[in-house]
Amino acid sequence: MRLAYFPGCVALDSCRELDIATRLVAEEVGIELVELEDAGCCGAGNLQEYNPEAALALNARTLSMAEDLGLDVLTVCGTCQLYLSRANVALRDPETRERVNRLLARLGRRYGGGVRVKHFLQVLLEDVGPRRLAAHVRRPLGNLPVAAFYGCHLLRAPGAAEDAEDPRAIERLVEVLGGTPVTYSRRTACCGFHVLTVRQDVAVKMSALGLQEARGAGAQALATPCPLCHLVLDAYQHKASRAVGEPLNLPVLHVSQLVGLSFGFDPARLGLRRHLVSVKPFVRALEDTEVVKA
Amino acid sequence: MAGPKAGTVASSTVRPDSPTFWKEVLGLPGGEALATCIQCNTCTSSCPVEALEPEFNIRRLIARIKLGLREDVLSDEALWACARCFACVARCPKHVRPGDIVEAVRHIALGEEREGPGPRHARAFVESIRDGGRIHEARVTLESLRLAGLLREGWLPARMAWRGKAPRLRRRPLKSVPEIRALLDAAEEGA
Amino acid sequence: MTGGRKVGVFICHCGGNISDVVDVYALREFAAKQEDVVLATDFRFMCSNEGQERLQKEIREKGLDGVVVACCTPKMYEDLFRGKAGEAGMNPYLLEIANIREQCSYAHGHAPEKATEKAKAIVKGQVERVRQLRPLEVKTATIHPGVAVVGGGIAGIHAATLLAELGHRVTLIEKSPTIGGNMARLVKTFPTDDCAMCTLSPKMNEVYNHPRVDLLTYAEVKEAKRSPGRFTLVVEKKPRYVTDACIACNRCTERCPVSTAKSPIQVESEWDVGLGKRKAIYLPFPQALPAIWTIDADHCFYFQRDRACRICAMVCPAKAIDFAMKPEVVTVEVGAVIVATGYREYDPTPLRHLGFRRYRNVVTQMQLARMLDSMGPTRGEVARPSDGKPADAIVMVQCVGSRGAPGDALVHEYCSRVCCMVAVKHASLIKKARPDAEVYILYNDLRAYGKGFEEYYASSMGLGVKYVRGLPGSVRPAGDRLVVDVDDMLTGRRLELPADLVVLSAALEPDPVDDLLAALHLDKTPDGFVKEYHPKINPTETAVKGVFVAGCAQGPKDITDTIAQAGAAAMSAAVFLGGGEMTLNPLVAEVDPALCRACDRCTEVCEFDAVCVDPERLVAVVDETACEGCGKCAVVCPTGAMSVRQFAKPQVVATIDAIAPLAVVP
Ligand code: SF4
Ligand code: SF4
Ligand code: SF4
Ligand code: SF4
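For the protein sequence lines, the chains are A, B and C, in the order given. For the first sequence, the residue numbers in my numbering are 1 to 294. For the second sequence, the residue numbers in my numbering are 1 to 191. For the third sequence, the residue numbers in my numbering are 1 to 666.
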């Protein structure tokens, strides 16, 4: 299977570990990633606010690059998934597509509307499938309670297979990886990333509420499919702890890292050392679980 | 906005200053369904920001737009508190797409070159795309927060750097930056 | 063309409305000069008694066989003048109206001279038209005196009883095993807190025992055929597998193994809206009529497990069980049909944020009504379905599935009208029984529009019912309770309301009866309810003559309004049947068989299903009782075989040719 890989901005900047882990896992399950090296930012809502037409055109450009390759787009970020697929839906309308294609024509590009945009989580569960995934698991997550943090943008993206109010994808994945999912109601809540710069107080409290509830439900780690959620939940967790007045100490893993760990990859290779909340206790507990022979 | 004039009593009353403001918003991407709002409050009840910051009330924002309180809406810093979670969009029984209305209103505010942390952040973000094709996190953060804001982050940047987690201080622009810039310019002209 | 007609032209002044603008004397002179016109006269008010008498007198004396009345719109007095002409011995269809008021004097008051010219053109056009008309025969058909009422809820029961009292033979057709409908579930009714069953049960008995009512329960209309003055309904009676020898002893139900603890077959009780179980042989509720038990073959061991069980047959003292019973087809002939098929409660599952079917303690108002019934699944206690513990905090959510976005297939755009008061009622009942229970109603607009409703709403506040203005964002679990997130507009506070029970005020939606509507050629309004003839001034008739609509089949209603409308529908039906005879409108489409090529274009465009192609003779045939004379078929007919009487091509062309040279340039 080949996919046009759109890493987005953050997975190549402060969350480089996500890019690394994703490449490792993809290789292991036999997905060839053709990186869209020249694709621009998805706009993340900011460009959409500044100039909606420009945002639409920039995303159409990205989609057309994948279309030239004859591949579907792979994202690893909730926000990229949302804005690329929103653009894709808007571009289904022939009139809009013609209008945007007139802009793309200046770059010698054209988008025909024939590309699908998929997030890695969806690809793992639907295209690779639970059976093939399970076959790669060397280090089942065992009894380690892992909770999901979905991030709103992945859930609200048009075409999301999941029930946005009651998603099960990450929980299903954790089960496939031999683990024990923990559920709690704020797993669909907003991390606050998009107001992190403007209203850090609000963003920190939003993430704090989620972290606190997950902890209370017994989770020993969170798994998130979005690097922006990760940034708030991990790098700002000390502030969240201050906000709720108790140490939260909840390691946050990218979904790709969680899969990589269960595949038996070296935690260092997966970039786990880059996290601000130490993943060590979780990894140690995992190392105590039994390794299955291939 | 200007403070109260000397010799007047500060009052928090407002007057509708733009009876057609709603049509202005209605004509922008995201604002199309504004008129059908029945003020049921499902959006606000769904909003995680409002739960922490009652100053930002999405239903009331829509009511203010419909009533024509243009300056009141555009000068309100709370407008920039929406976290774009789109819970309101998912649940609004009338498909009003409240979160997208925020996008439309912010577009107007940006077009008028309004000041404040929100507009500053949006502009820094867009500049970063123009310069590099993708976001240069360190730069966007610095430009949005300014030095004073960055200092308020305390040890966080240092801790991130220690973990090798800090955003890169320099980021190589994409090869295709001229192309992207041309596209953005073209879109702006077209508008 | 025809020649030799004696046409009279009568010009009305309309007390100045016409004559102040149009020079009626010049118009009279002009009319008198037209070919075949033997009389041209004017009068102050043609519609007055005197005017009518003049018309009749002239017809008789001059032997007119064509009349043009130049006056107001034909919508006003065309029928009257035609009737009078008929009485005077002229064929009524040889009279035409020339509208020189709405289309002339009213429109051109500022230009009297041109208006007069235009009036001349209009009159000349109608004179030419009248010269082309041919006398039409007025046919009548005898109307069958019987009535079928489809739907045995309160609307159908009330309409059936009234018509039977008036002497009509009524067939009441109900698809479930008992009459009573939704009202039987409601426990109490607002705004008086009357016991629903106590008011309904006597009416059920009255209709059940009425000598002129034939009751068909467990029966559905499969087909309906129309012929002049008569509907032939083909009704299928499903087998109950219990004969009317049943003595209502309940022994079978007691012993039936279905739904017992260990049984592999479990059935949710429709009556208790899924809150309780029922056996495979059952009586829906104690007051059900007829009091004959029914076996639900889909859930009975005998039918589902290869005759594994016959316990009921063994214990039945009356030998009433008959496993060999077959469906029965009954043909019912009637002159009128009343559609009273009612509503069902909307299923809120698609509104995921409200948690219905995700959390057991989220229920609907209908389920709560069942809980409030002392004979119901919780014996009158408002309890949590999850563990049966009494619910101390109850949160009601309004407008669930109502007032949604246009075009959203998962919800309805209309307001369901009754759910506000249902919530007020249930909240009040709970508070009266248990003042310490907390009840919150989360509403957007509270609609208390009916007689006594506002007072009832206000009194609920005296009982301590709490009103929160704003609909919730989510319902989520917290321990063994639920939490409802809602922002209250009144206090400006974001609330987290703990709840033992969340009650959704789900919309009323039409019971799905598409097959019946198709069989009767009835339309629906965009909201899915049966389309009435006119939503304001004729809400009980339909576009199909002889078919009437009553109750929630036409739109959401409370019981008071349902009774009122059912009464009105019965009255309309009685008036329709009362004449015993119906006049068939002769102004309908007709086919020239010599020209018809059976191309089917007319059948495709007809909105009233009034044309079909006779497969043997291969010509189109018009059903004159169904045709509305709209003319769509005539327009699409490629050979000119189809035309509407008095609007055949030569007749229309004659008018145009007459008017065209006189066209007035504004
Ligand atoms: S949820 Fe929709 S209809 Fe209700 S107040 Fe918000 S925008 Fe208006
Ligand atoms: S999108 Fe904005 S307004 Fe809507 S619920 Fe989320 S934060 Fe609130
Ligand atoms: S069917 Fe027989 S056993 Fe059952 S109630 Fe009737 S008489 Fe009794
Ligand atoms: S009656 Fe009340 S609860 Fe029902 S839809 Fe109308 S406003 Fe909403």
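Heads up, some of the hints might be wrong.
[Stated by the list, open to error] Pair ranges (Cβ atoms, derived):
| # | chain 1 | residue 1 | chain 2 | residue 2 | range |
| --- | --- | --- | --- | --- | --- |
| 1 | C | A543 | B | E113 | 27 to 37 Å |
| 2 | A | R242 | C | Q266 | 46 to 56 Å |
| 3 | C | Q266 | A | G264 | 44 to 54 Å |
Since the hints were derived computationally from the structure, they do not count as laboratory data. Positions of the beta carbon are idealized from the N, C-alpha and C atoms, including for glycine.
Taking the hints in turn, this is what the structure says about them:
Evaluation of the 27 to 37 Å hint for A543/C and E113/B yields a failure: the beta carbon distance comes to about 60 Å. For the pair R242/A and Q266/C, the supplied restraint of 46 to 56 Å holds, since their beta-carbon distance comes to about 53 Å. A hinted range of 44 to 54 Å for the beta carbons of Q266/C and G264/A is consistent with their spacing of about 46 Å.
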